[in-house]
Amino acid sequence: MRLEPKPSPSLAITLLFPLAAIGTTLVLTSILVLAAGASPLSVFYLVAKGAAGSQFAFLETLTRATPLIFTGLAIAVAFRAKLWNIGAEAQLYIGGVVTVALGTGALPLPSVVLVPVIMVAVMAAGALLLLGPAMLKTRFGVDEVVTTLLLNFIVLLFVSMLLEGMLKDPMGLGWPQSQKVIAEAQLPRLIQGKRLHYGFVIALASAVLIWVVMKKTVLGYEMRAVGLNPEGARFVGILVDRTLMKTALLSGGLAALAGFSEVSGLKGNLTLDLSPGYGYTGIVVAMLAMLNPLGVIAAAIFVAGIFVGADAMSRAAKVSSYIADVMVATSLLTMVVAILLTRFRIRWR
Amino acid sequence: MDALEILFTASFWVAVIRIASPLIFATMGELICERAGVLNLGIEGIMTAGAFAGWFTVYSGGDLWAGLLVAALFGAMFGLLHATLTVPLGLSQHVVGIGVTLLATSLTYFVYRLALPEVTSPPKIEPFQPLPVPGLSSIPVVGEALFTQTPLTYLAFISVAAVAWILYRTPIGLAVRAAGENPSAVEAQGISVTGIRMGAVVVGSALMALGGAFLTTSAFNSFFFQMINGRGWICIALVVFGSWRPGKALIGAVLFAAFDAYQVRLQQISGGIVPYQVFLMMPYALSILALILVARRAAYPKALMIPYQKGER
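Protein chains in written order, with numbering that gives the first Met the number 0: chain A, 0 to 348; chain B, 0 to 312.
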């Protein structure tokens, strides 16, 4: 068996294969639905209805998509330069820590000043957290996959320590949670009385900004060159290590914004269950988007829809909502195969 | 008790060997994959699946050994998925590995909820019991530590010897090592690199699943969510630390386990002056430190993470 490169695929093919990947995912996961004694069609209908069947459902999906856009962008940027940042979960939590450290009354500033100050500090903290593994990679050749993965555990324990110590809410009845951020540090709701908040707008703006950076700037060009062929990039005079550092700063900062947006826009305070694995799900989002920053928006809304829809479905159909996690993981694998098939033809002889 | 005295008690070293056992299985599994040229990041999820499959087989009335067999089969199955995507299709080993971990973990949780919809606390099974080796187990400290363990721990140590023997003393081991260093040389011998690599990933994944099953059938007696808790990622660090050699990786695993057991006991002595999270962080921090220390002289298999296509140079 061998792989033969195909001529560059048409737009139709590029769009058709992701759809085929999602179709395959639905077929594969319907086996599990059948095993659970339910009808796949009605379960998938309930998921779709729970994700987008009403204004309430769709706004909930967009709310859930917000942190996924940030982590998805973080991964898309890093993977484009082949910097394997699997530590978005840790960067997200550090973003949450900085948000409550500065946003619970330490800085008595008006909202128009305080929110940007917090955002800059959050991005700096996330950026620095990824800079460590990136420097270990370029200086010592330590694989960043393992270091970023291990940092996820260390940072979560660190957050747990802070929530039982320095950042603990004295009025929290002993629960490990921080104080609520003050009104000036909050992101307002987009629609009065609904949960969707301005974090979503910031996420959309970030996606557009990152798209511009990737397509139209020298940095974006260098990142793509380093990802495609580091030797070649070095040969044409690109400083590979420095490009990787810049990538790490950008990626870590984006992932940390997810933590800021969840705390300031939605939850109000920091707890240990701020993220149900948004850092890891961001990898799936980025791959479904084929690492395209604008595609990340669509992919994040799609993945968020599966999670929100599955929650609603499991209440009605008695199929565990873990089906959503299975669907998302399966779609990651079917998607990488689909991307391969758009670029190569499999020859069996 | 004094902080240093702990190191001379037999009970401490018994715990060390027990903590090391699942790491030894999984580290050997990862080592085989990487020696053949494939980084298997599915390890964390495969261990989760193995832990559940082994436990659930016993819970549904199966024998303990049948549980291990089922765990190994599920591990091999996920290994086959990983191998199919990364070896003949040559897809990114990073992305596929994370995908396999996410899939194996979520499938395990889904099946757990499907099989046990009503339970609030995980049901218990009768796990492997310690099987003292007559004579050897009465040697003070060392004998007690090594020879009053469960059969599965002995199997873990045997697996190290077996992996070392196969890798360095058999033609198939030579082919595995060559597939990770210089695949064209393997192909020149008329051996299929694809076959060797896929076989290594399947067998390695089965070993990882046994590491997971150790936790539910030997160290503890039930399955709970997030019980692997990063052990798989630590094993990847142990393979690097052991410079891809079974013996050195075994020493690494035991050292790591000693450190882990020691921090738990220090935590009890410290009496809450230092937050307990600091102690829990140490094993992960130690793994990163170990990676940095060996990084300069790390001799990665030369073809690690490089897909091979027949006839391509």
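If you are wondering where the hints come from, they were derived from the structure by calculation, not from laboratory data. All values derive from a computational prediction rather than experimental measurement. A couple of the hints might just be wrong.
[As the list claims (entries may be wrong)] When the alpha-carbon atoms are kept at most 30 Å apart in a straight line, the in silico DSSO-like pairs for lysine-lysine are as follows:
1) A/K214 to A/K266
2) A/K81 to A/K245
3) A/K317 to B/K123
4) B/K247 to A/K266
5) B/K123 to A/K81
6) A/K5 to B/K309
7) A/K5 to B/K123
8) A/K5 to A/K245
9) A/K214 to A/K193
10) A/K215 to A/K81
11) A/K245 to A/K215
12) B/K301 to A/K245
13) B/K247 to B/K309
14) A/K81 to A/K48
15) A/K179 to A/K81
[What the hints assert, rightly or not] Listed next, with one range per pair, are the computed distances between beta-carbon atoms:
16) A/L172 to B/D1: 33 to 41 Å
17) B/L173 to A/Y220: 39 to 47 Å
18) A/L203 to B/I305: 37 to 45 Å
19) B/M304 to A/Y220: 50 to 58 Å
20) A/L203 to B/V118: 52 to 60 Å
21) B/I291 to A/V239: 43 to 51 Å
22) A/R1 to B/L79: 47 to 55 Å
23) A/A19 to B/A298: 56 to 64 Å
C-beta: ideal position from N, C-alpha, C; glycine also.
For each hint, the structure was consulted:
The hinted pair formed by A/K214 and A/K266 fails the criterion: a straight-line CA distance of about 34 Å is larger than 30 Å. Note on A/K81 and A/K245: the hinted pairing holds, with a Cα-Cα distance of about 13 Å set against a maximum of 30 Å. In summary, the hint linking A/K317 to B/K123 is supported, as the alpha carbons are separated by about 25 Å, within the 30 Å threshold. The straight-line distance between the Cα atoms of B/K247 and A/K266 is roughly 48 Å, outside the 30 Å bound, and the hint therefore fails.
Taking the CA atoms of B/K123 and A/K81, the gap is about 44 Å. The hint is violated against a cut of 30 Å. Straight-line distance between C-alpha atoms of A/K5 and B/K309 comes to about 18 Å, which keeps the hinted pair within the 30 Å bound. Between A/K5 and B/K123 the CA atoms are separated by roughly 55 Å; this puts the pair beyond 30 Å, and the hint is violated. About 33 Å separates the Cα atoms of A/K5 and A/K245, which puts this hinted pair outside 30 Å; it is violated.
A distance of roughly 35 Å separates the Cα atoms of A/K214 and A/K193; the hinted pair therefore is violated under the 30 Å criterion. This hinted pair checks out: A/K215 and A/K81 have alpha carbons roughly 19 Å apart, not beyond 30 Å. The hinted pair formed by A/K245 and A/K215 meets the criterion: a straight-line CA distance of about 16 Å does not exceed 30 Å. Pair hint B/K301 plus A/K245 holds up; C-alpha atoms about 28 Å apart against a cutoff of 30 Å.
For the hint pairing B/K247 with B/K309, the CA-to-CA distance comes to about 33 Å; that exceeds 30 Å, so the pair is violated. A hinted pair counts as satisfied when its Cα atoms are at most 30 Å apart, and A/K81 with A/K48 does not qualify at roughly 37 Å. Under the criterion of a C-alpha separation no larger than 30 Å, the hint pairing A/K179 with A/K81 is inconsistent with the structure, at around 38 Å. Hint check: A/L172 to B/D1, Cβ distance near 39 Å, so the stated range 33 to 41 Å holds.
Look at B/L173 against A/Y220: about 45 Å separates their beta carbons, and that is inside 39 to 47 Å. Here the CB-CB span from A/L203 to B/I305 is close to 39 Å, well matched to the stated 37 to 45 Å. At about 25 Å, the CB distance of B/M304 to A/Y220 disagrees with the hint of 50 to 58 Å. Evaluation of the 52 to 60 Å hint for A/L203 and B/V118 yields a failure: the beta carbon distance comes to about 43 Å.
In this structure the supplied range 43 to 51 Å is violated for B/I291 paired with A/V239, their Cβ-Cβ distance being about 21 Å. In this structure the supplied range 47 to 55 Å is violated for A/R1 paired with B/L79, their Cβ-Cβ distance being about 20 Å. Between A/A19 and B/A298 the C-beta distance comes to about 42 Å, which lies outside the given range of 56 to 64 Å.
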